[in-house]
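With the hints as constraints, model all of the structure from the sequences given.
Spelled out from the first residue to the last, the chains are:
2 protein chains.
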Amino acid sequence: MNEPTRSRRIGRPPRAENQRERILHEAAMLFARSGFDASSLNDLAEGAGISKAGIYHYFKTKQDVYDAIIIQTLQGLYDHVGAAVAAVTEPPEQLLAFMTAHAEFFERNYWAFRCMLISFSGMTAPDSRHEAVILRERYERMLRDILAVGIEQGAFRANDPAGTGRAILSLLNWMARWFHPGGPQTAIAVARDYADLLFHGLRA
Amino acid sequence: MNEPTRSRRIGRPPRAENQRERILHEAAMLFARSGFDASSLNDLAEGAGISKAGIYHYFKTKQDVYDAIIIQTLQGLYDHVGAAVAAVTEPPEQLLAFMTAHAEFFERNYWAFRCMLISFSGMTAPDSRHEAVILRERYERMLRDILAVGIEQGAFRANDPAGTGRAILSLLNWMARWFHPGGPQTAIAVARDYADLLFHGLRA
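So the sequences go chain by chain: A and B.
Using our numbering, read the first sequence as starting at 5 and increasing by one per residue.
Using our numbering, read the second sequence as starting at 5 and increasing by one per residue.
Calculated from the structure, these hints are not laboratory results.
Virtual Cβ for every residue (Gly too), placed ideally from N, Cα, C.
Treat the hints with care, as some may be off.
[Stated by the list, open to error] Restraint-style ranges between C-beta atoms, simulated for each label pair:
(1) A:Ala162 to B:Asp149: 54 to 62 Å
(2) A:Arg207 to B:Ala91: 18 to 26 Å
(3) B:Ile192 to A:Arg145: 50 to 58 Å
(4) B:Arg207 to A:His134: 32 to 40 Å
(5) B:Arg142 to A:Glu50: 17 to 25 Å
(6) B:Asp41 to A:Ala57: 46 to 54 Å
(7) A:Val153 to B:Trp182: 18 to 26 Å
(8) A:Thr93 to B:Gly158: 30 to 38 Å
(9) B:Ala57 to A:His134: 42 to 50 Å
(10) B:Arg26 to A:Leu45: 23 to 31 Å
(11) A:Asp83 to B:Glu141: 34 to 42 Å
(12) A:Ala57 to B:Thr190: 33 to 41 Å
(13) B:Thr65 to A:Asp149: 45 to 53 Å
(14) B:Ala57 to A:Ala57: 27 to 35 Å
Written as structure tokens, this is what we have:
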């Protein structure tokens with residue numbers, strides 16, 4: 005397969021992959037709720053229902069688990085949002101697709117986002133840090149490109165795509181702070197409201 | 005005085021107040037940089053250049069110091085932004101004043117905001133928690149009222165003031181994550197750009 009990060013998400017993963025996923029999912033909940041420092045690999049083993057040796061099979065340290073959550077989330081986000089954006093052609097549709105797909109992925113990966121955006125402990129492995137920066141830049145570039153093409157084609161008012169992109173990501177990222185899955189609105193509905201406000205503005 | 009929280013900020017505070025302020029300022033930097041759990045009252049005493057007994061004169065525990073930072077910041081924010089809003093009359097001017105005054109107060113109290121919005125440890129004293137909730141609600145109500153009056157007067161398009169208020173606070177609050185004082189733009193300039201985008205929208 006040419007796209008390992010995407011193929012991993014399609015269909016039924018092999019059993020070993022399920023176990024690694026389960027560890028990462030449990031760790032994201034644990035770190036987000038108790039904080040990285042206050043969480044131990046013993047807590048993680050207990051929560052995931054896996055022996056500590058089972059965890060060591062996949063990860064050498066607690067930090068490695070944390071780093072894997074962040075890298076996997078950023079990769080998955082890019083793949084999911086990129087596919088939604090590629091499915092439409094006009095910049096306004098693409099921007100709406102970007103915002104709603106981001107919100108959808110966030111809601112599905114709620115604990116990993118809480119872990120990444122709220123309970124941030126920082127990454128220690130230089131390789132992971134470097135990879136995370138590259139993934140984040142690639143993602144932000146996708147958004148800036150939609151804005152830049154929209155300005156060029158006359159669909160959007162002249163604006164600074166970097167500043168506008170930052171505003172859009174602020175709206176979406178702050179959701180990790182207040183949004184709870186299962187509440188009155190879905191994350192996608194919130195993103196639609198934000199897109200409406202952003203597209204048409206507040207002035208009557 | 006009828007308004008102790010405001011009068012405390014006017015003119016030159018007495019010397020003792022300076023010492024309490026110095027402890028809070030130093031603690032905000034310490035908690036924001038090292039995290040609440042990893043910071044000790046010894047670190048704080050050393051950083052503030054005050055004996056540990058001097059700190060105990062004002063605060064019983066590390067948690068009390070944290071709670072005082074949050075309460076003081078929320079009070080100061082309300083006072084500062086409220087004064088800016090009260091100085092103008094039309095809802096669009098008031099909204100711009102709200103956003104720029106918020107950004108100004110954030111830049112001046114950068115470490116307290118980082119402490120409050122990023123390195124959040126949660127409050128343990130029920131009284132402080134209750135007070136913080138009331139202060140936060142009062143602040144959000146000021147914003148929603150500006151929006152509601154603007155809609156009523158026809159200055160703003162019909163929208164849900166609660167959702168729009170949340171969008172505005174998302175833009176402003178996420179600044180604690182990426183903005184650094186002394187960078188290429190002031191926080192006020194960022195808030196003005198956000199207000200322009202919000203008022204006029206992205207569509208050409």
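Going down the list of hints, with the structure as the test:
1. Between alanine 162 of chain A and aspartate 149 of chain B the Cβ separation comes to about 32 Å, which falls outside the hinted range of 54 to 62 Å.
2. In this structure, arginine 207 of chain A and alanine 91 of chain B meet the distance hint of 18 to 26 Å, their C-beta atoms being roughly 22 Å apart.
3. At roughly 28 Å, the beta-carbon separation of isoleucine 192 of chain B and arginine 145 of chain A lies outside the given 50 to 58 Å, and the hint is violated.
4. Between arginine 207 of chain B and histidine 134 of chain A the CB atoms are about 38 Å apart, so this pair conforms to the stated range of 32 to 40 Å.
5. A beta carbon spacing of about 42 Å between arginine 142 of chain B and glutamate 50 of chain A contradicts the range 17 to 25 Å that was offered as a hint.
6. At roughly 29 Å, the beta-carbon separation of aspartate 41 of chain B and alanine 57 of chain A lies outside the given 46 to 54 Å, and the hint is violated.
7. Between valine 153 of chain A and tryptophan 182 of chain B the beta carbon distance is about 24 Å. The supplied range of 18 to 26 Å therefore holds.
8. Between threonine 93 of chain A and glycine 158 of chain B the CB atoms are about 36 Å apart, so this pair conforms to the stated range of 30 to 38 Å.
9. For alanine 57 of chain B and histidine 134 of chain A, the hinted distance range of 42 to 50 Å is satisfied, since their beta carbons lie about 46 Å from each other.
10. In this structure, arginine 26 of chain B and leucine 45 of chain A break the distance hint of 23 to 31 Å, their C-beta atoms being roughly 40 Å apart.
11. Evaluation of the 34 to 42 Å hint for aspartate 83 of chain A and glutamate 141 of chain B yields a pass: the beta carbon distance comes to about 39 Å.
12. Between alanine 57 of chain A and threonine 190 of chain B the Cβ separation comes to about 54 Å, which falls outside the hinted range of 33 to 41 Å.
13. Between threonine 65 of chain B and aspartate 149 of chain A the CB atoms are about 51 Å apart, so this pair conforms to the stated range of 45 to 53 Å.
14. Taking 27 to 35 Å as the suggested C-beta distance range, the pair alanine 57 of chain B and alanine 57 of chain A does not conform, at roughly 50 Å.
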